[in-house]
Amino acid sequence: MERSLWTVGQVRDLAGAGIVRAGEVCLAIESATPQASVALLRGEQVLASEVGPSGQHHSESLLPMVDRVLSEAGVSLSKVNSFALSIGPGAFTSLRIGLATLKGLAFGSPSMAVGVSTLQVLALSAKRRGLVQGVSPLVAVLDARREEVYAAAYAPDLVSDPNGEAILPPSVYTADELVKALPEGGELVGDGVAVVKKSLIDEGPFSAEPEPPSAPHAVSVGLLGQLLFDAGEGVPAGSLVPRYIRRAEAEAQRTASPLE
Amino acid sequence: MASQAPSALVLGIESSCDEMAAAVVREGREICSSVVSSQVEVHSPYGGVVPELASRDHARVVSQVAEQALDEAGVKLSDLAGIAVTAGPGLVGSLLVGLSFAKALAYRAELPLVAVHHLAGHLAAAELSEPTLIAPYMGLVVSGGHTALYRVEEEGPPRLLGETRDDAVGEAFDKVAKLLGLGFPGGPAVSAAAQSGNPTAVDFPRPMSRKAGLDFSFSGLKTAVALEVQRRGGQEALGESGIADVAASFEAAAVDSLVVRSRRALKSENLDRLAVVGGVAANRVLRERLEDEGRKLQFEVIFPPPSLCTDNAVMIAAAGSRALARGERDGWSVSAFSRVPVGETPWRGGAE
Numbered sequence: 001m002e003r004s005l006w007t008v009g010q011v012r013d014l015a016g017a018g019i020v021r022a023g024e025v026c027l028a029i030e031s032a033t034p035q036a037s038v039a040l041l042r043g044e045q046v047l048a049s050e051v052g053p054s055g056q057h058h059s060e061s062l063l064p065m066v067d068r069v070l071s072e073a074g075v076s077l078s079k080v081n082s083f084a085l086s087i088g089p090g091a092f093t094s095l096r097i098g099l100a101t102l103k104g105l106a107f108g109s110p111s112m113a114v115g116v117s118t119l120q121v122l123a124l125s126a127k128r129r130g131l132v133q134g135v136s137p138l139v140a141v142l143d144a145r146r147e148e149v150y151a152a153a154y155a156p157d158l159v160s161d162p163n164g165e166a167i168l169p170p171s172v173y174t175a176d177e178l179v180k181a182l183p184e185g186g187e188l189v190g191d192g193v194a195v196v197k198k199s200l201i202d203e204g205p206f207s208a209e210p211e212p213p214s215a216p217h218a219v220s221v222g223l224l225g226q227l228l229f230d231a232g233e234g235v236p237a238g239s240l241v242p243r244y245i246r247r248a249e250a251e252a253q254r255t256a257s258p259l260e
Numbered sequence: 261m262a263s264q265a266p267s268a269l270v271l272g273i274e275s276s277c278d279e280m281a282a283a284v285v286r287e288g289r290e291i292c293s294s295v296v297s298s299q300v301e302v303h304s305p306y307g308g309v310v311p312e313l314a315s316r317d318h319a320r321v322v323s324q325v326a327e328q329a330l331d332e333a334g335v336k337l338s339d340l341a342g343i344a345v346t347a348g349p350g351l352v353g354s355l356l357v358g359l360s361f362a363k364a365l366a367y368r369a370e371l372p373l374v375a376v377h378h379l380a381g382h383l384a385a386a387e388l389s390e391p392t393l394i395a396p397y398m399g400l401v402v403s404g405g406h407t408a409l410y411r412v413e414e415e416g417p418p419r420l421l422g423e424t425r426d427d428a429v430g431e432a433f434d435k436v437a438k439l440l441g442l443g444f445p446g447g448p449a450v451s452a453a454a455q456s457g458n459p460t461a462v463d464f465p466r467p468m469s470r471k472a473g474l475d476f477s478f479s480g481l482k483t484a485v486a487l488e489v490q491r492r493g494g495q496e497a498l499g500e501s502g503i504a505d506v507a508a509s510f511e512a513a514a515v516d517s518l519v520v521r522s523r524r525a526l527k528s529e530n531l532d533r534l535a536v537v538g539g540v541a542a543n544r545v546l547r548e549r550l551e552d553e554g555r556k557l558q559f560e561v562i563f564p565p566p567s568l569c570t571d572n573a574v575m576i577a578a579a580g581s582r583a584l585a586r587g588e589r590d591g592w593s594v595s596a597f598s599r600v601p602v603g604e605t606p607w608r609g610g611a612e
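Chains as they are written, first to last, in the numbering used here: chain S, 1 to 260; chain G, 261 to 612.
To be clear, the hints were calculated from the coordinates, so they are not data collected in a lab. Hints are not guaranteed to be accurate.
Unchecked claim - For each label pair, taking beta carbons as the anchor points, the in silico distance ranges come out as:
#: 1; chain 1: G; residue 1: GLU500; chain 2: S; residue 2: ALA250; range: 27 to 37 Å
#: 2; chain 1: G; residue 1: GLY493; chain 2: S; residue 2: ILE167; range: 51 to 61 Å
#: 3; chain 1: G; residue 1: ASP339; chain 2: S; residue 2: ASP157; range: 28 to 38 Å
Said to hold, decoys possible - Calculated Cβ distances over 10 Å to all of chain S for the following chain G residues:
#: 4; residue: GLU290
#: 5; residue: LEU365
#: 6; residue: GLU413
#: 7; residue: LYS556
Every residue gets a Cβ at the ideal spot worked out from N, C-alpha and C, and that includes glycine.
Only chain S is shown next, with the shape it has when bound in the complex (with noise of 0.2 Å):
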């Protein structure tokens, strides 16, 4: 990897910035969906990752299996140089629940914590199940409920990289809004596509990944965090908040404006 490529200097000048330095472990958590994961990484090389069983609430699943993925890969907590989240969007409490874990295993350590983007988290994780074809946008779609999905589109050279720009910015979106913001099209991923199946694919120009939809996952979560951490985005844990994109009912109500 070009990290390892560094000189020290380099390195000690990074150092401290919240950049990952060569060699570190990444934890890193994916819990906006109703699958969770957790995965450890160093680098693209993946230590160890669990997906939760579907169904199981988060609030019992999840810390259970980052103590697992911690031992399968022999490495413990106070090793554990960075914290990657899957930020949102995604189900409000889902989120929270990763998110406050994170806060509790990353409390009083100097590591620092960096929000991933759910969206591209689902579009790298498609592309890297290899089911995608990779010529069009590649629009990651989750499902937001009232007929609506939460997506994003990304160039299909671009989903790995947090840092580039997506061709349409993760947000709230009908189907006629998508075909609007796309027409010409792009490769549907995620399991919003059921939302969406009727007026962009059957009588739209997007096509879909082949079934069952891709899911977010954790390994995904830590690639392009570290990839964020590079860049210098890392926080600390404390301070992270999700990306709901929606306000709280009650507040969209009273602002007459629905999004954050």
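Assemble the complex: chain S is given as a structure, and chain G must be docked to it using the hints.
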């Protein structure tokens, strides 16, 4: 793991409603620090607690609140003997923030974790503030989420004698404050308005006071206030003195209902001490009425200081200290529960 001596330092975390709190308590009795992050400004535009906004604010501040509690106590994580956290009852979304954080923190610091019942915490606050208060005694829990009478036993969990069948009394104060345009939180707002009012101006119903038993009901009273406001032409037509009269009459009726049940419970259980806990315990009229009754009927009333009545983490740390000393432990898969009878520990079902 061996049982901890009660001389140990315990960090308590509480997030069951609209307050994120952390506290360090020594020997289950000495308060080393108590931090409460209030959300009054978050919820005041809505006239009541908005659960999603409460959870969002908890998630934002949880680390800072815990850090401040440790700093103010002058202790490090490694000085602690354990961590206690509220697992229910309460708003699940809110509970899960404090619980997920506390579990991960206990895991990180390799400390024993114990999940605490929110109401057991409130009752522990009474014993913390009044060392002579020893079971058996009567506990009246009155807050925005709870209205219940417990017999607190020397051993075993407190026994529920009666509870509200609908709204909690604090919830009724919030709703009446909204009806009268008095702001949030409703308890202090209604009491302030009531000070200049006539408590006998409106003869509001005393719900269930003629019925046997020890249960409460406040939704009928709230409806009666709504109808009275409507009958008199609404908030504006009432004017300041009309609002004061309605507020005072409502407060008198609500307090009456609490006093009648407490008196009845003390008599039927043959107890002579009553500990009043929860946010509504700060209500001046309730204090005066119960103290009067106590003098007349010769029972002692214990009110913890207001800082221990409203939601706080000292009470969770205090209750947790005792649980840890008894050797109680919870595992990494413990979850939160919105409704839990006191004395039950459904979170231990999924424990290791």
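For this session: Determine whether the non-interface label on GLU290/G survives the test: each CB of chain S must be over 10 Å from its CB.
Result: holds, 23 Å
Exercise. Does the claim that GLU413/G lies outside the interface with chain S hold up, using a Cβ gap greater than 10 Å?
Worked result: About 31 Å separates GLU413/G from the closest Cβ of chain S, which puts it past 10 Å; holds.
Exercise. Taking 27 to 37 Å as the hint, is the beta-carbon distance of GLU500/G and ALA250/S inside that range?
Worked result: Since the Cβ atoms of GLU500/G and ALA250/S sit about 29 Å apart, the hinted range of 27 to 37 Å holds.
Exercise. In terms of Cβ atoms, is chain S entirely out of 10 Å range of LEU365/G?
Worked result: LEU365/G is in fact no farther than 10 Å from some Cβ atom of chain S, at 4 Å.
Problem set entry | Assessment of proposed distance window 28 to 38 Å (beta carbons of ASP339/G, ASP157/S) | violated, 52 Å
Exercise. So does GLY493/G sit 51 to 61 Å from ILE167/S, Cβ to Cβ?
Worked result: Distance hint for GLY493/G, ILE167/S holds at roughly 59 Å.
For this session: Mind verifying the non-interface call on LYS556/G? Its CB should be farther than 10 Å from each CB in chain S.
Result: holds, 45 Å
Of the hints listed earlier, those the structure fails to meet are numbers 3 and 5, in rising order.
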